[in-house]
Amino acid sequence: MESASFPHRLEIEVNQILSMNGGNGEISYAKNSLIQKWVMLKAKPILEESILRPSLSSFPECVKLADFGCSSGPNTLLLVWEIMDIIHATCQRVNRKAPMFQVFLNDLPGNDFNTIFRSLPSFYEKLKKERGSEFERACFIAGMPGTFYGRLFPYCFLHFVYSSFSLHWRS
Numbered sequence: 392m393e394s395a396s397f398p399h400r401l402e403i404e405v406n407q408i409l410s411m412n413g414g415n416g417e418i419s420y421a422k423n424s425l426i427q428k429w430v431m432l433k434a435k436p437i438l439e440e441s442i443l444r445p446s447l448s449s450f451p452e453c454v455k456l457a458d459f460g461c462s463s464g465p466n467t468l469l470l471v472w473e474i475m476d477i478i479h480a481t482c483q484r485v486n487r488k489a490p491m492f493q494v495f496l497n498d499l500p501g502n503d504f505n506t507i508f509r510s511l512p513s514f515y516e517k518l519k520k521e522r523g524s525e526f527e528r529a530c531f532i533a534g535m536p537g538t539f540y541g542r543l544f545p546y547c548f549l550h551f552v553y554s555s556f557s558l559h560w561r562s
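Quick note on the numbering used here: the sequence shown kicks off at 392 and runs consecutively.
All clues stand as given, with none of them false.
Calculated pairs, BS3-like style, for lysine-lysine (alpha carbon to alpha carbon, straight line, at most 25 Å):
#1 Lys-435 x Lys-488
#2 Lys-520 x Lys-435
#3 Lys-488 x Lys-517
#4 Lys-519 x Lys-435
#5 Lys-433 x Lys-517
#6 Lys-455 x Lys-520
#7 Lys-488 x Lys-519
#8 Lys-455 x Lys-519
Just the calculated beta-carbon pair ranges, DEER-fashion:
#9 Cys-547 x Glu-521: 30 to 36 Å
#10 Glu-452 x Phe-544: 14 to 20 Å
#11 Lys-519 x Phe-544: 26 to 32 Å
#12 Pro-500 x Leu-549: 19 to 25 Å
#13 Pro-545 x Lys-519: 27 to 33 Å
#14 Gly-523 x Tyr-546: 30 to 36 Å
#15 Gly-501 x Ala-480: 33 to 39 Å
In case anyone wonders, no lab produced these hints; they're calculated from the structure.
Ideal Cβ placement from N, Cα and C applies to all residues, glycine included.
Work out the full structure, taking the sequences as your base and the hints as a guide.
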């Protein structure tokens, strides 16, 4: 009987232990994630290929995407910006209206989602300034706390899923 509950108990313990330093202090992930940002920017061509491979002109009216294992700092919204930028540029090239975006940020419940949410007003302001007010109203961001070892979304719900520094937890 003890062995049957062991994996579940271990999963709960791991979920409670593993988290990044939240907030914006000197030891926070937000202040100490330059290497992750560099890797993310170096991977942009791969990201672009992954987004555009299915079809240049078949984006749905609302693109639903998720970042599994999102950070608790500025890199999370940088990734969202890059994805939106790729799709927006593609739609301009083929003379199509850019879709709306529904973005789900996933991580363990211990992630500092509040730091991400506090940065949303400046993210939306940047969208409005660089893309226009219609683009600002076309992006909806929500937190989705939980482990990706279980089901987080219904089947066929998401169009694009991204995971950079958390995928190794799947092995």
